[in-house]
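Visitor: For chain A, the structure is supplied; the task is to place chain B on it using the hints.
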Amino acid sequence: DVKVTQSSRYLVKRTGEKVFLECVQDMDHENMFWYRQDPGLGLRLIYFSYDVKMKEKGDIPEGYSVSREKKERFSLILESASTNQTSMYLCASSTGQGANEQYFGPGTRLTVT
Amino acid sequence: LAKTTQPISMDSYEGQEVNITCSHNNIATNDYITWYQQFPSQGPRFIIQGYKTKVTNEVASLFIPADRKSSTLSLPRVSLSDTAVYYCLVVRMDSNYQLIWGAGTKLIIKP
Numbered sequence: 001d002v003k004v005t006q007s008s009r010y011l012v013k014r015t016g017e018k019v020f021l022e023c024v025q026d027m028d029h030e031n032m033f034w035y036r037q038d039p040g041l042g043l044r045l046i047y048f049s050y051d052v053k054m055k056e057k058g059d060i061p062e063g064y065s066v067s068r069e070k071k072e073r074f075s076l077i078l079e080s081a082s083t084n085q086t087s088m089y090l091c092a093s094s095t096g097q098g099a100n101e102q103y104f105g106p107g108t109r110l111t112v113t
Numbered sequence: 001l002a003k004t005t006q007p008i009s010m011d012s013y014e015g016q017e018v019n020i021t022c023s024h025n026n027i028a029t030n031d032y033i034t035w036y037q038q039f040p041s042q043g044p045r046f047i048i049q050g051y052k053t054k055v056t057n058e059v060a061s062l063f064i065p066a067d068r069k070s071s072t073l074s075l076p077r078v079s080l081s082d083t084a085v086y087y088c089l090v091v092r093m094d095s096n097y098q099l100i101w102g103a104g105t106k107l108i109i110k111p
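The listed protein sequences derive, respectively, from chains A and B.
Here this note's numbering is used: position 100 in the first sequence is 100, and no number is missing along the way.
Here this note's numbering is used: position 77 in the second sequence is 77, and no number is missing along the way.
In case anyone wonders, no lab produced these hints; they're calculated from the structure.
A portion of the hints provided could be inaccurate.
[What the hints assert, rightly or not] Listed below are the simulated BS3-like cross-link pairs for lysine-lysine, each with C-alpha atoms no more than 30 Å apart in a straight line:
#1 Lys13(A) with Lys53(A)
#2 Lys3(B) with Lys57(A)
#3 Lys3(A) with Lys71(A)
#4 Lys57(A) with Lys18(A)
#5 Lys55(A) with Lys3(A)
#6 Lys110(B) with Lys57(A)
#7 Lys106(B) with Lys57(A)
#8 Lys70(A) with Lys53(A)
#9 Lys55(A) with Lys3(B)
#10 Lys52(B) with Lys13(A)
#11 Lys106(B) with Lys3(A)
#12 Lys52(B) with Lys69(B)
[To be verified] Computed footprint of chain A on chain B; a stretch qualifies when at least three of its residues, placed anywhere within it, have a C-beta under 8 Å from a C-beta of chain A:
#13 45-51
#14 54-60
#15 63-76
Cβ coordinates follow ideal geometry from the N, Cα and C atoms, glycine included.
Here chain A stands alone, though its shape is the one from the complex (with noise of 0.2 Å):
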């Protein structure tokens, strides 16, 4: 089974810190998604990779940044954390052309206080 996994099931840290979510999966996905996901709005696409070292934003990408190193592994990172970035972030990859099954990860719930 493909695996995705996520550094943090929560995390809650301060205005203005720096903060890092990491993603890991399991089964040499090339393209690597983050979202946000709130009530009400469904998921929203922050940043997605389709090869190591390629990002490209999606459609809320202000405030947030992104890393792939390494083709296991997609970061995503908040500069300095504001509270409108309290959310849920979900992490998925998939595989060949992008209409292609996305795996998601469990989902990390963060909150900035």
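Guide: Just chain B now, with coordinates in the frame of chain A:
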């Protein structure tokens, strides 16, 4: 602006067939339609994907009319364990790759 719209919530009873419809009026030629299921405290899980007409797998069917402006996820004989949030996703495969998610339909199955 591309958008997918689905009902916020639905109720049904065990043993019934449930149909959830998603509207995607601005669907483009190369777009694919995908549905995901999400349980609390878990990430979404792929259910089914289609391009046109009808697709069926072991858990669901997906009906897509000829104009492709909507799609209907059909869950046969639901059980309590089908209580979840169901997301419609349009994957845009043209020069600007886009993932157009619906806001999700919370399906509650009653005994």
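Visitor: Decide, hint by hint, whether the structure agrees.
Guide: Hint check:
1. Lys13(A) with Lys53(A): 27 Å, holds
2. Lys3(B) with Lys57(A): Status holds; Cα separation ~18 Å.
3. Lys3(A) with Lys71(A): 14 Å, holds
4. Lys57(A) with Lys18(A): 20 Å, holds
5. Lys55(A) with Lys3(A): 22 Å, holds
6. Lys110(B) with Lys57(A): 41 Å, violated
7. Lys106(B) with Lys57(A): Satisfied, since the Cα-Cα distance of roughly 29 Å is no more than 30 Å.
8. Lys70(A) with Lys53(A): 8 Å, holds
9. Lys55(A) with Lys3(B): Given pair Lys55(A), Lys3(B) holds - Cα atoms ~24 Å apart, limit 30 Å.
10. Lys52(B) with Lys13(A): 46 Å, violated
11. Lys106(B) with Lys3(A): Holds, because 26 Å separates the two Cα atoms, which is no more than 30 Å.
12. Lys52(B) with Lys69(B): Given pair Lys52(B), Lys69(B) holds - Cα atoms ~10 Å apart, limit 30 Å.
13. 45-51: holds (count 3)
14. 54-60: violated (count 0)
15. 63-76: violated (count 0)
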